[in-house]
Amino acid sequence: MRFIDEFRDGELARGLAAAIRQHARGDRDYHFMEFCGGHTHAISRYGVTDLLPGHVRMIHGPGCPVCVLPIGRIDMAIRLVREAGVTLCSYGDPMRVPASGGLSLLKAKAALGRAGVGGDIRMVYSGADALTLAQRNPQRQVVFFAIGFETTTPPTAVLIKQARALGLGNFSVLCCHVLTPSAIASILESPEVRQWGTVPLDGFIGPAHVSTIIGTRPYEFFAEEYRKPVVIAGFEPLDVMQAILMLIEQVNSGRAVVENEFSRAVTRDGNRKAQDLVAEVFELRRSFAWRGLGELPYSALRIRREFADFDAERRFAVGYEAVADHPACECGAILRGVKRPQECRIFGSVCTPENPIGSCMVSSEGACAAHYSFGRFTDLAEAP
Amino acid sequence: MCLALPCRVVELRPDDMAVIDMAGVGKEISLALVDDVVVGDYVIVHVGYALTRLDPDEADKTLALFAELGEAALQETTAG
Ligand code: SF4
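Chains A and B supply the protein sequences, listed in that same order. Residues are numbered in our numbering as their position in the first sequence, beginning at 1, plus a constant of 110. Residues are numbered in our numbering as their position in the second sequence, beginning at 1, plus a constant of 18.
There could be a bad hint or two in this list.
Unchecked claim - Which residues of chain A face chain B? A few of them, derived with a C-beta cut under 8 Å, are: (1) I114; (2) G120; (3) G125; (4) L126; (5) A129; (6) M233; (7) Y235; (8) S236; (9) A238; (10) T262; (11) H319; (12) F345; (13) L348; (14) R374; (15) A384.
Stated by the list, open to error - A short, non-exhaustive set of chain B residues, derived as facing chain A with CB atoms under 7 Å: (16) A22; (17) L51; (18) D59; (19) T70.
The set of hints was computed from the structure by calculation and includes no laboratory data. Heads up, the beta-carbon is just placed ideally off N, CA and C, and yes, glycines get one too.
Same shape as in the complex, but just chain A (with noise of 0.2 Å):
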């Protein structure tokens, strides 16, 4: 497809790679976080890493909005379906993430029917099927159950403001959407960055599909006040080894600022007809639990005052419990970078992405996933 092969052309990674060869200082290690899932999921599936000297390495970031999500909003949901009956329409990656006492959307959506308990799971590819379903069948309460970064906002709010143009009085979102830049924050706020330095980050990729809505202005902030490169990449390989010497490049010349690789879809202001939509509709949580980071003030979306009746939370008065990860899963300190998949006890022997135990064995710009799929042979080539 165009705009797609060529940025994963092999003679081209070849130039990039021996760029990036001759760029990186001998005396120095570089480490580079990619913040994406998508990122990840790139580099991983391309061998990126294996095209890069051994001293340029990369640390993934938590810019998987299924990773992040905690398993007490996933309860909530099922909650919706098992006690008010409701049809719960939900993209494809959130149903195979664990839940609370073993189940999944997906298992629990195995187990509806029994025990005489109501609603329904449905597996959408865009929230507008959601609003379909509900116009189409005006006796059932259809939730939306929306998840995703500044990416998957917009559509979200689309589906609202059409809602109530619609006067639909059965459709209502529940809304988990997050924010990019509280979880870069929280990132090089942390100890493992700020204090210990167990984490050493010299910069970052930055996301692709986020900024072309939000613009590349909102991380001039990280650039400036941590003195940390950005650069914003596409989730082709080849952008993605741009990026690496980009990076490299400010990091020898002693430069901290935001570039820009993905041009071919991201200006400095971003999509403001996307963003206008946005304000309209959602404001910003006081605070919201993310997986692995844990609670970060304002750090994500809900459903503003003025269009309470398309809020699942308001509608059916659910509120969100914290539930405790799985004892052995590693997934806070992986979306922290402070460790590897491979490092987790569990990784491809009881967890593996036919049986997810944590969130980042679901999808596949989770680095378990990742690592799982791709790059568990490196690991067996290295072994002694």
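Since the structure of chain A is already known, use the hints to place chain B with the ligand on it.
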């Protein structure tokens, strides 16, 4: 979750909708988040919505830069 694909718009429809060509298959998506899209434009599509237009000139420039940097590096490697 955040994945999105560049797709060509092949038809505009009422109510901010459009048909895109997704690997040879026509698919209806929403243009509610973008303005002034015309047939032939490439848009980046995520969960059924165009997030932004893709700028083909910038894409070409980026690819040219990859080639230039790579060539320079490979030449230097052989020379050295
Ligand atoms: S391997 Fe599974 S249990 Fe271990 S950290 Fe990853 S997701 Fe959690």
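Quick rundown of the hints versus the structure:
no. : hint : verdict
1   : I114 : 7 Å, holds
2   : G120 : 11 Å, violated
3   : G125 : 2 Å, holds
4   : L126 : 5 Å, holds
5   : A129 : 4 Å, holds
6   : M233 : 13 Å, violated
7   : Y235 : 6 Å, holds
8   : S236 : 3 Å, holds
9   : A238 : 5 Å, holds
10  : T262 : 6 Å, holds
11  : H319 : 5 Å, holds
12  : F345 : 7 Å, holds
13  : L348 : 6 Å, holds
14  : R374 : 4 Å, holds
15  : A384 : 5 Å, holds
16  : A22  : 5 Å, holds
17  : L51  : 5 Å, holds
18  : D59  : 12 Å, violated
19  : T70  : 4 Å, holds
When held up to the earlier numbered hints, the structure conflicts with 2, 6 and 18 and fits the remainder.
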